[in-house]
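Chemist: What follows is the residue order along each chain.
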Amino acid sequence: MSLLTDPLVQRMLLVGLLVGMAAPIVGTYLVQRRMALLGDGVGHVALAGVAAGWLAGSAAGLAQRDALAVPGAVIFAIAGAVIIERMRSRGEAADVVMAILFYGGIATGVLLIGMAGGSNANLLGYLFGSISTVTWTDVWITAALAIAIVAIGLGFKSALFAVTHDQEFARSTGLPVEVLNLVVAILAAVTITVAMRVVGVLLVSALMILPVAIAQHLTRSFSRTMYLAMGIGAVLTLTGVSITLTQNLQPGALIVVLGVIAYVGTTAVTSLVRRGKVPS
Amino acid sequence: MLALEAKNVRVSLQGTEILHGVSLDAAPGEVVALMGGNGSGKSTFVRAVVGAIPLHEGTIAMFGAPATPNSRKHLGYVPQRVSAAGGVSATAYEVVASGLLGYRALRAPRDAGDQIRAALRAVSVEDLATHDVTRLSGGQKQRVLIARALVRDPRLLILDEPMAGVDLQSQVALAHALGHLKEHGVAIVIVVHELGALTRLIDRAVVLEHGCVTHEGSPPPDLGVHALPGHDHEHAHEDEDPGAHSTLGLEGPR
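Protein chains in written order, with my numbering: chain A, 1 to 280; chain B, 1001 to 1254.
The following block holds chain A by itself, in its conformation from the complex (with noise of 0.2 angstroms):
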């Protein structure tokens, strides 16, 4: 109990809590849609707007010089996840665009961050998640912009269903089909960015998948598909959280193990339950 009145374990736990329940709304409709590496595009041009914060920051000469890393980052994510549906909603082969934002968005990040006079090894708490490095006003901007993804993708989730079932049937209605998808890149990006410091950019994708494919064996709703999976997402994260409280271990990594690990242990129990060996 002690731990619990630590306020950096506080901070860890309420960040990974949001982030958790957050990440999978945003995953529900990625997996809807069939984007669901969209998350892996979007999280390396989210890492060159880190570098481009950090060297905003050394060319105004903050004594924080990361301190325009976050808002850079929320910048480069929503240009990039609006890029990536303006070229998919074009007919363009959308794993072709976020290919090239990916190799792209990592390329940018490791040039920029040398220019800022920094080293790669800055960039590692990004690409890793440094979830032991939150501080009170981190929780905060997280809990808003969690908040305001929980917000908009539970107030609109009739249409946003709608959109990312089928889209043309959506077109017919007379539903603003267009907004609704910047609207999907928008959460999408802002969802990614918010992750980005518990799992890191290269796992981030995982926090939003993860909890959605194992929720997709345990029911055949769509809306309880996404609530089981932002209860998925919770617990995953807290459980990672709390064993690297007393275990020397990587939170981001451990948490997409813990999911893993939970997503084949999912799998295999529904398959036997289908073949009538075990009793449902």
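Simulated from the structure, these hints should not be mistaken for lab results. Each residue gets a CB set at the ideal place from its N, CA and C atoms; glycine is no exception. One or more hints might be untrue.
Claimed, not checked - Computed spacing ranges between beta-carbons, pair by pair: (1) A:Arg90 x B:Arg1117: 51 to 59 angstroms; (2) A:Gly265 x B:Arg1117: 33 to 41 angstroms; (3) B:Ala1065 x A:Val96: 38 to 46 angstroms.
To be verified - Simulated coverage check for chain B against chain A, where a stretch passes if three residues somewhere in it have a Cβ under 8 angstroms from a Cβ of chain A: (4) 1047-1059; (5) 1122-1132.
Claimed, not checked - Which residues of chain A face chain B? A few of them, derived with a C-beta cut under 7 angstroms, are: (6) Ser158; (7) Thr173; (8) Gly174; (9) Phe222.
Since the structure of chain A is provided, determine the placement of chain B on it from the hints.
Modeler: Using the frame of chain A, we list chain B on its own:
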């Protein structure tokens, strides 16, 4: 007043003109079959009418007003089955509920449950309401998509090859359902390869060839009888629905 009035519709996709000035209209209570071979432009025309792809030239009016997102509130559209395929499971109820959305209607009304169940019941899939649509047979999935269009209480119904992959008994039952809508004044435009069970329902056929109208009037007689139940098919449907031998009004294997 015409329910649909499309004039001189030209559509280009990736720089190639697909439709070269197609005109088609449908009056309330009229059933128009849009026919033609593969690649003739039938689906492209339908997608242009419902607003899924832009017009290069021409005009489309619904109920006397230019087609806009707002004027499509009276439109029910049943796309080809392949266009509706999400990566996350969704129940038939959720899919049909999405039909209640539209221009400035981003949420279904809270009390829409009866309306949704009635639409499912109209195509005899009410008992599949909680089933995952991705696991339904082709014919069942088709009926859910029709229910999604019916829940909008449409005055103009456009169906793109609803008979593809559906067994003949279900085709007959679907024809009865469409006949009911026709009696209630709904204008229906239906894309079909073969008239089959719809033969007696069709008022007029428009045949497209290479993006141009080549026939308008009575359905071509050879197409009218070719797919009637009992007719000896030479070509089986590629996407035949193996599990659904039920009719829309009768219980069958699910």
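Chemist: Run every hint past the structure and note whether it holds.
Modeler: Hint-by-hint comparison with the structure:
For Arg90 of chain A paired with Arg1117 of chain B, a C-beta distance near 39 angstroms fails the hint of 51 to 59 angstroms. Between Gly265 of chain A and Arg1117 of chain B the beta carbons are some 37 angstroms apart, a value that agrees with the proposed interval 33 to 41 angstroms. One distance hint, 38 to 46 angstroms for the beta-carbon pair Ala1065 of chain B and Val96 of chain A, holds here, with the actual separation near 41 angstroms. Note: the region 1047-1059 of chain B has 4 residues with beta-carbon separation from chain A under 8 angstroms; the three-residue rule is met and the coverage holds.
Coverage of a stretch by a chain is defined here by at least three residues with a beta carbon nearer than 8 angstroms to that chain's beta carbons; for the region 1122-1132 of chain B and chain A the count is 3, and the condition holds. Checking Ser158 of chain A against chain B by beta carbon gives a least distance of about 5 angstroms; that is within 7 angstroms, so the hint holds. The beta carbon of Thr173 of chain A comes within 4 angstroms of a beta carbon in chain B, closer than 7 angstroms, and the hint placing it at the interface holds. For Gly174 of chain A, the shortest C-beta to C-beta distance to chain B is roughly 3 angstroms, which falls under 7 angstroms, so the interface hint holds.
Hint on Phe222 of chain A holds. Least Cβ distance to chain B is approximately 4 angstroms, under the 7 angstroms limit.
When the structure is compared with the earlier hints, a violation turns up for hint 1 alone.
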